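Trainee: With chain V's structure known, arrange chain G on it following the hints.
As given, the protein sequences belong to chains V and G, one line each in that order.
All the letters of the first sequence, read from the start, carry residue numbers 1 to 114 under the numbering used here.
All the letters of the second sequence, read from the start, carry residue numbers 1 to 111 under the numbering used here.
Don't read these hints as lab results, they were simulated from the structure.
In this text the structure is predicted, and so the values were computed from the model without any measurement.
Hints may contain errors.
[Stated by the list, open to error] 27 Å max Cα-Cα, derived DSS-like pairs, lysine-lysine:
{"hint": "1", "chain 1": "V", "residue 1": "49", "chain 2": "G", "residue 2": "57"}
{"hint": "2", "chain 1": "V", "residue 1": "69", "chain 2": "V", "residue 2": "49"}
{"hint": "3", "chain 1": "V", "residue 1": "58", "chain 2": "G", "residue 2": "1"}
{"hint": "4", "chain 1": "V", "residue 1": "49", "chain 2": "G", "residue 2": "1"}
{"hint": "5", "chain 1": "V", "residue 1": "68", "chain 2": "V", "residue 2": "58"}
{"hint": "6", "chain 1": "G", "residue 1": "57", "chain 2": "G", "residue 2": "13"}
[As the list claims (entries may be wrong)] Not everything, but these chain V residues come out facing chain G in the computed CB check (under 7 Å):
{"hint": "7", "residue": "28"}
{"hint": "8", "residue": "32"}
{"hint": "9", "residue": "40"}
{"hint": "10", "residue": "42"}
{"hint": "11", "residue": "94"}
From the three backbone atoms N, C-alpha and C, an ideal C-beta is built for every residue, glycine too.
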Amino acid sequence: AQSVTQLGSHVSVSEGALVLLRCNYSSSVPPYLFWYVQYPNQGLQLLLKYTTGATLVKGINGFEAEFKKSETSFHLTKPSAHMSDAAEYFCAVSDGRSSYKLIFGSGTRLLVRP
Amino acid sequence: KAGVTQTPRYLIKTRGQQVTLSCSPISGHRSVSWYQQTPGQGLQFLFEYFSETQRNKGNFPGRFSGRQFSNSRSEMNVSTLELGDSALYLCASSAESYEQYFGPGTRLTVT
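Chain G with its partners taken away, still in its complex shape:
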């Protein structure tokens, strides 16, 4: 089976812009979670989607949003980008076994 894929792998944006990141889970996995990784804050949970419904949400401002499509693919959106949003954004998928499989991440740089 193909692993979790994330696009794009690298992204450079300017403060105030918005960005959309995409994640394709492993075939058959219905849960998709998003995490933000920064040197200062480490790995932090953003949100989880299961069968197109947001099942859990982390402590991030409303500028961070996500959605999941009927084919389990997921997108996350960050509006009004700030310098502090520069991070590696990781997507993980799961098949209801509490084992999460991570993609390679999207590295976002905000200038």
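Same shape as in the complex, but just chain V:
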């Protein structure tokens, strides 16, 4: 069975500081991995995805993530936080087989201090 673990339910950074949100996954097959962002009272927006190929994936709004198979990790980073990055972030995994079902982590709320 697949699962996703997001370390830290809350992460607080200063504006301009590095953002690092951690995600570890468990999957018996090569996974497809995703990061989504959710702003208050909104749905989920896809930030980036890893399916195959290059392990460093660039997404929208300056975010990127690196797939590390040996560490079963897919951490999300952004070099410089902006106030508008304050939101909840979800890591998700799909087995990429017969259905598009996503298994989500519990989420990390990012707080950005001025």
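Mentor: Showing chain G alone in chain V's frame:
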């Protein structure tokens, strides 16, 4: 292209009633998935429909059901509502690329 739309956005129901939520996917997308989001359980997969067929189902009781129409629009129904069904219900559509695009959700409150 217009995004995924969900109606209604907010709903208040009483225990024991039933409710139907609607989702219109992005034009051309044939897959529609439903998720339940609660503070306690997080985001949980309900079911996925592809070309009017249920392709996958999550671990929810039979009170939760869904269907998909020939135009890819989807509905989900919850019968005999319980307080614990209060949640944000999210619909997502996909065009066979494993990228799912989410709607704004329907917030259901059961009193």
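Trainee: Hint by hint, say whether it matches the structure.
Mentor: Quick rundown of the hints versus the structure:
no. : hint           : in the structure
1   : 49/V with 57/G : holds (23 Å)
2   : 69/V with 49/V : holds (15 Å)
3   : 58/V with 1/G  : holds (23 Å)
4   : 49/V with 1/G  : holds (21 Å)
5   : 68/V with 58/V : holds (15 Å)
6   : 57/G with 13/G : holds (25 Å)
7   : 28             : violated (17 Å)
8   : 32             : holds (5 Å)
9   : 40             : violated (11 Å)
10  : 42             : holds (6 Å)
11  : 94             : holds (6 Å)
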